[in-house]
Amino acid sequence: MRSVVPVLTVVGAIFVLWYLAAIWLNAPWAYDKAGRAGVTLSASELVADTWAQEKPKLPAPHQVVTEIWNTTVEKKITSKRSLIYHSWITLSATLLGFALGTGLGILLAVGIVYNRVMDRSVMPWVITSQTIPILALAPMIIVVLNAVGISGLLPKAMISMYLSFFPVVVGMVKGLRSPEVMQLDQMRTWNASSSQTFWRLRLPASMPFLFASLKVGVAASLVGAIVGELPTGAVAGLGARLLAGSYYGQTIQIWSALIMAAALAALLVAVIGVIQRATLKRMGMA
Amino acid sequence: MGWVVFALAAWAFGWLLNVWLSRQPATPLVRLAMPVIFGLTLIAIWEGVVRGFDISAVLLPAPSAIAARFVVSTAILWEDFVQTVIKGALTGYVMGCGAAFLTAILIDRFDFLRRGLMPVGNFVAALPIVGMAPILVMWFGFDWQSKAAVVVVMVFFPMLVNTVQGLQATHAMQRDLMQTYAASPVQTLLKLRLPMAMPFVFNGLKIATTLALIGAIVAEFFGSPIRGMGFRISVSVGQLALDLVWAEIVVAALVGSAAYGGVALIERAVTFWHPSQRSRS
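Those protein sequences? They're chains F and Y, same order as listed.
Heads up: the first sequence begins at -17 in my numbering, then just goes up one per residue.
Heads up: the second sequence begins at 33 in my numbering, then just goes up one per residue.
Any given hint could be a false lead.
Straight-line alpha carbon distances no greater than 25 angstroms define the calculated PhoX-like cross-link-like pairs of lysine-lysine that follow [claimed, not checked]:
#1 Y:K223 to F:K197
#2 F:K156 to F:K197
#3 F:K37 to F:K15
#4 Y:K223 to Y:K238
#5 F:K156 to Y:K238
#6 Y:K119 to Y:K223
What the hints contain is simulated information worked out from the structure, not anything from laboratory work.
From a predicted model like this one, the values you see are computed outputs, not experimental measurements.
Based on the provided sequences and hints, a complete structural model is requested.
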């Protein structure tokens, strides 16, 4: 609670800077228009014009808010121009990819922890796989999967999966190895089988690590879904809105899609945060 | 059929070899050999499956075809490398990380700024910043300047968050000691807090290397001159020249791994005192 005032100050400062930058970036076009119309702009007219252009270089915050309001509340959800419709397309790909990535990540982590061959031969590649700019692969994955008849949700989800499995693997390996020697010895004294050790000690112990990586993973898989929508020729989804906006110079549309994506990311991370708190509380860990 | 058998044999051989190696004492050589064998096995299986099942080169080219294409088109690849990696990614990386580092030191001096900016910075670091790419391409034009701008925006916040966290990493006792020595704030910063922050700084730098490449390549999807890795990938996908796409990806993977490895090497030299580095030797 101590940081409420500083955070609000910083957010306020960002808005002030945004409005000032909008004046600065949009002024040339305003002067241009005024010059052709043969009128001179007073300072207040200039400000009013820069904050209300149709295709500004940088739209003012209230223009973006109006656009978001118009495309979410005023439009029907089924309409192709509704931002909620596009968000849902992106969100469904994100969630599917996230679920697949989490599953794959947990399986790989279990394999790595329980199998020395996998630990030594796969783990370096898991790390290397992240130094590859995978998003560059996105257009190809989508074209290839389209060619074999898989289209729609799954190709995008594959990219999300690739981006989100890594944090889960790393976090889960750390988490599954987090029980101390003494606790493992205790399990042995109780003559616990290795599956019992897994279900009753290692898996519960890894939960805090899992949730921390899930938060990173869900944000990454949203990025994957958005970028995955770029090369498909901009049909639907937030990424498609970005691309279409940049083709037609609709800056307000780009910004509203961007803010929507940010809100979606914040929402997803918050949801995981709530589940984390509830789960850890039940387990007596928080 | 022969190639499918080859793939299966390669799989069995690689697996058995690694199982045998894992029973050997873990010398550095064995540690290096196991992932290499795993990678080679994967490539052999890929080659065998592509040839054995006669998969069209439009879907998935064989590794040998990619290698052949790589050797033939080194000139194109080099041109794209210079445009995307050197001009776009590297410029943006240096500017973004440098700016974030200096901002972090500045923020650290003022507690109010730190408490206000850190939650915002953490939030922004989780956002899909790549989405800024079309806007920045619009502002800075199609050439490498806009790519560098995207990279700056992408690396800034992860770097900032990590550096600020690192500057907080000193213990009260260490700070007290500096005070007993009557060290000035600048001296404390240079001799205690910056060295203590280095593991965090390098963590940020490592995250930023991948982000920089991604940013530079994705930004080219939104418009670029007729060279660059992102441009080549999107155009070649349209022409179904998948072997060239894969060659570009090989370049990207090599650059990404080399950059990451380079940063890791510098880290080892700078933070040789840190437990995570000591335990390895």
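Any hints this thing doesn't respect? Which numbers, in order? The structure conflicts with hints 1, 6, although it agrees with all the remaining ones.
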